[in-house]
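Listed here are the chains, written in short residue letters.
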Amino acid sequence: MTESFSVPAATIPCENCSAPTQPGQAFCGACGYPQSGTEDQKNRFRDSIRIKKVLVAETQKETRTAKTIIFVFAGLYFCLGLFHGFVADDFPTMIVELFICLLFLVLGAWSSKNPFGAILTAFFIYLTFQIVEVFIDPTSLFKGIIVKIFIIGAFVKGIRSAMEAQKYIKELEKMKAVRTDE
Amino acid sequence: MSDIDVEIQTACPHCQAPYQPGDAFCQICGKELVVEPRDDFGDVFVPLRPVLLYYFMLLLVLALYKFTDSFPDGLAGMIVITLVTVVITVAFTVESWATTRKLYSFSGVRWSILGLTIGGAMVGSLVVNMLCDFINASFHDDVFYNTYLFADTPYPLLFATLMIALEPAIFEEVAFRGFLFTSLARITKGVNAVYVSAFLFGIMHLSIISLIWLVPIGIAFAELRRRYDTLWYGMAGHFVYNFCIVLYEYFGI
Ligand SMILES: [Zn+2]
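One line per chain: the protein sequences are A and B, in this order.
Residue 3 in my numbering sits at position 3 of the first sequence, and the numbers go up by one each step.
Just remember that my numbering sits 182 ahead of the position in the second sequence, which is counted from 1.
Worth flagging that the hints you see were computed from the coordinates, not collected in a lab.
We put the beta carbon where it would ideally sit given N, CA and C, even for glycine.
Watch out, some of these pointers could steer you wrong.
What the hints assert, rightly or not - In silico DSSO-like pairs for lysine-lysine, Cα to Cα no more than 30 Å straight-line:
hint : chain 1 : residue 1 : chain 2 : residue 2
1    : A       : Lys143    : B       : Lys248
2    : B       : Lys371    : A       : Lys167
3    : A       : Lys53     : B       : Lys371
4    : A       : Lys52     : A       : Lys174
5    : A       : Lys42     : B       : Lys213
6    : B       : Lys248    : A       : Lys167
7    : A       : Lys170    : B       : Lys248
8    : B       : Lys371    : A       : Lys176
9    : B       : Lys371    : A       : Lys52
10   : A       : Lys113    : A       : Lys143
As the list claims (entries may be wrong) - Every beta carbon over 12 Å from chain B, so not counted as near; a handful from chain A, in silico:
hint : residue
11   : Ala26
12   : Asn43
13   : Phe83
14   : Lys143
15   : Val147
What the hints assert, rightly or not - Per label pair, the in silico range of CB-to-CB distance:
hint : chain 1 : residue 1 : chain 2 : residue 2 : range
16   : A       : Gly153    : B       : Ile352    : 36 to 42 Å
17   : B       : Leu246    : A       : Glu171    : 43 to 49 Å
18   : A       : Glu171    : B       : Phe433    : 55 to 61 Å
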């Protein structure tokens, strides 16, 4: 049994992933591509990759609002920091606000590489800020409540869409249709 | 090794044809060979529920402690808040015991890694201590490092060690590297679970500037847990780190 596999016969690269395959082999062992299948079967394999890529692109559209909010926060805290530092002469507050700006910039950069982790983290940080705010000043709960609900809704939607994207990307990685990166 | 053994181990589960080690798909039928036990949880917020519940319960209790007068002053307040967080953490640990018990096993714990972790924690605490001096921040901004509270007790160093070094080393690890990490790792890649759990660990301390060192510390311990599937390295490192901070404060370094 082992004999038949170890024969150094001329291998041909898989049309989909370039892994070496034996001539006459039905499917590629690395990606499942129907190497000796009909044109129809091969097209179905390629279509399945194409559809998943379209679905990933779709979910990316849906995470855009959440990503934008992260960068808006970065900008907002940057402006607040400058205001407190140079108009109100409150340097400790400026340092904290510029640091929060940096935090959101990090999350923003992370979100373009991995939306799920970044949006989930931003969601937790945003809610933490809001809760702490309410403890410091209970009347702040209803201040800008519509904006708050919009932001939370965008994060929740972003988390769900990013989760979907994660699922399709995992399937595409198995089909060797995207680069696997850790 | 007999031929039969080989065939049993390397037969495609769909068509029983033998396959080559390293293959992801059967070369005969084209189906996936190793089907991962995928959690079909539907909505992502279902597996996230314990993470949300634990984090926000803890946050509410800590915010009550830090920003309101609902807890007793001084040492009594600190003992009460510690007991409350311990009870919450134990409840979640019991709830998730089936999926996290393997993290408490001593088998596979290597002395070399343990030693490196402890050494790293000592160096880390020194660096953070110097950084704190440099940026003129204080550990007291953090809800947890209130060493001065123990000054009037009969054994200040002992009590500070128990409450500030030992208790967080056990219960923060059990939570953030234990059940929270496990819940996150179910729904996303391990690397993501490392970062998300590290940020949760950081912001839970309710001190913005402390994030500079809390997030890297969280990443280090979470990475140890991801790589070695044990909580012992994190607990040892966490204890040593916090104990060093207690010592610096106690001896005024
Ligand atoms: Zn292939």
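Failing hints, ascending?
-> Hints 6, 7, 10, 11 are the ones this structure does not satisfy, whereas the remaining hints hold.
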